[in-house]
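Going down the list, the protein sequences come from chains V and W. Here numbering that gives the first Met the number 0 is used: position 49 in the first sequence is 48, and no number is missing along the way. Here numbering that gives the first Met the number 0 is used: position 400 in the second sequence is 399, and no number is missing along the way.
Think of the hints as simulated: they come from the structure by calculation, not from any bench. Only a predicted model underlies this, so the values are computations on that prediction, with no experimental measurement involved. There may be inaccurate statements among the hints.
[Stated by the list, open to error] Cβ-to-Cβ under 10 Å is the rule here; a few derived chain V residues that face chain W: (1) 34; (2) 35; (3) 38; (4) 118; (5) 138; (6) 193; (7) 240.
[Stated by the list, open to error] Here are the simulated PhoX-like pairs of lysine-lysine, each with C-alpha atoms no more than 25 Å apart in a straight line: (8) W:274 x V:93; (9) V:98 x W:10; (10) V:98 x V:22; (11) V:67 x V:93; (12) W:110 x V:93.
Backbone N, C-alpha and C define an ideal beta-carbon position, used for all residues, glycine too.
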Amino acid sequence: MNTATTNLTEPGFNFAYLDEQTKRSIRRGLLKAVAIPGHQIPFSSREMPMSYGWGTGGIQVTASVIGKSDTLKVIDQGADDTTNAVNIRRFFKKVCGVKTTEKTTEATLIQTRHRIPETPLNEGQVMVYQVPIPEPLRWIEPSEPETRKMHALEEYGAMYVKLYEDITQYGHIATAYDYPVMVNNRYMMRPSPIPRFDNPKLNMNPALQLFGAGREKRLYALPPYTTVKSLDFEDHPFSVETWDKPCEFCGATDSYLDEVVIDNEGGRMWICSDTDYCEETQKS
Amino acid sequence: MSYVAVKGGEKAIQNAEQLLKAQRRGDATVPELGLEQIKQQMSLAVARVMSEGSLYDPDLAALAIKQSWGDLVEAAFLLRAYRTTLPRFYYAQPLETDQITVKRRISSIYKDIPGGQQLGPTFDYVHRLLDFKLAAENNQSDYPVGEPTEGGIPRAIDTLNPEGLIQSETADDVKADDANAENDAEIFDLTRQPLELPAARDARLQNLARADEGFLLGLAYSTQRGYGNSHPFAGEIRVGDVEVVICPEELGFEIAIADITITEVQMVNQFKGNKTLPPQFTRGYGLTFGYNERKAMAMAIMDRALRSKEFGEQIQGPAQEEEFVLYHSDNIEAQGFVQHLKLPHYIDFQAELNLVRKMRAEYEQRSAMENGRSEEIGSEETGSEGIDSEGIGSAGIERNCRLSPIVH
């Protein structure tokens, strides 16, 4: 093959690094995951040339769905220029030679760690989340066979008890990120360690959302327009953070702000964590 | 002052890689380490990397050790990441370890055994004195050459068979004891299938064979000190070369494709019996690539410890907890997840910061109110501004961030 894209890639490796057989087996897992929204599907996760825990689940999902015509965006903490995002983008450039972008609107495939872009996603876009621990019940019940049973029986009372205990102790639910959700009114799911601020974006999202946990060898998915509800109580509705100041770069008041320490006297400034959103807002 | 968050671009990553390469080489006036030198003179490191990297290839293992500055876990990781790209053609026939060309073979349960005890090259009875002569170069050593043993060596613990005192074990038994033996004919393949629990013995042994040596060693040790119920004897330890044989379907006959060095350990444990099994000895099995005795022994002890449930024994320690051991034994997984904490986490930290500030403000408000109450007894002064009736601070108490309800 001597197309323009393959010329850019590292020789000696298959397109997107994984062999076709492996990619196919991951896609089969993803199809199951899409068919049962929020349900965790075991898959034969492989060793990747990056460490487990550094996004290998997301990387394998991206590798198995990416095609030559895709435009890839990779973010970590909402930013395109953090080391891990740069490294993963560099990897896919090397083994796929696909087009990459920093613009959310231009991307067909977005791999992320810890954030969902502020710019709303569209139909046809695919979000890939890197997941460290896929099991929402893990801190309540450490045993995997037990938690699988709890999911099968929809036995989620223990989680509500934990949230209730938070309320009695602190007056509110004390979970700031990786806040558990109910998917399609059936499966409890961990949204990956995104701040709770991003949870509402999961709900009825027009994009396909895929989750990959490499070390834990699990896949799960949210097909487009799936209902996703953050756990709460009628008298203690789910809430997200708001800031009483705008982003100091772009003036946005609707984005997740990141606190940056600017001097040794405790001086701080608050800026958008989504670098693309911040730039676009500055331009307009 | 304008501030740009510290962010590493592609350039920084490339520079770091260059620096890594340069420092690996060290002083350029010192001769570079050759792969053959590593393979020959650090063969135990090569053996460990092959075992934990789950690929028998001394040349690639030596390369991995050189590339990783001698960090053996990193080297095993390099080997794993490479092996996963290799196509899978055949599963080998079970190794015939009784047909081993033996380099070392001992049994601690009998003074003498058919086939003889053979110490071979071992650190066991060497006085651990630093050998300063070795610091000088040009070391040459001769050793007495014995007669090579040919034609098979019976297993020491098989001598217990005629009395039925050792639990018999065949390939079928291994599958038959399993909790989930639906697909009898298929061998589980840990490199191609996710581990599911309860694990069959083939899955467990594969997991233990590539598990971190230190992790297994510590756990095996814990069973000896009372966190578990293991009283093992070293039934037999053998080190040597065995043939790897495949039987391709399209040929219909067996062909030997390689000779590999292995360490095999069979531990013998006393078992008092239960309702269905008479008192007898039970086995723990360990096998590693290369000469890797400490790991193989720890593995055999752990295999037996993890059979507690099968024998109806009480679970007394973490070494007997299948899920605890098998999910945490892989150092490639463990090193990755422990070290991923180096990645940026500032978004989650920001979320936690917001939450802790909010909780802190509520805490201070509560204590101020309580102080206020106690002061009220002596004075007219009231405490801080009141909080709402449920004792929940909800308005304007955080410095920069607050939670606001979402309407579903």
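Which of the numbered hints are not met once you compare them with the structure shown?
Hint check: 1, 2, 3, 4, 5, 8 and 12 fail, others pass.
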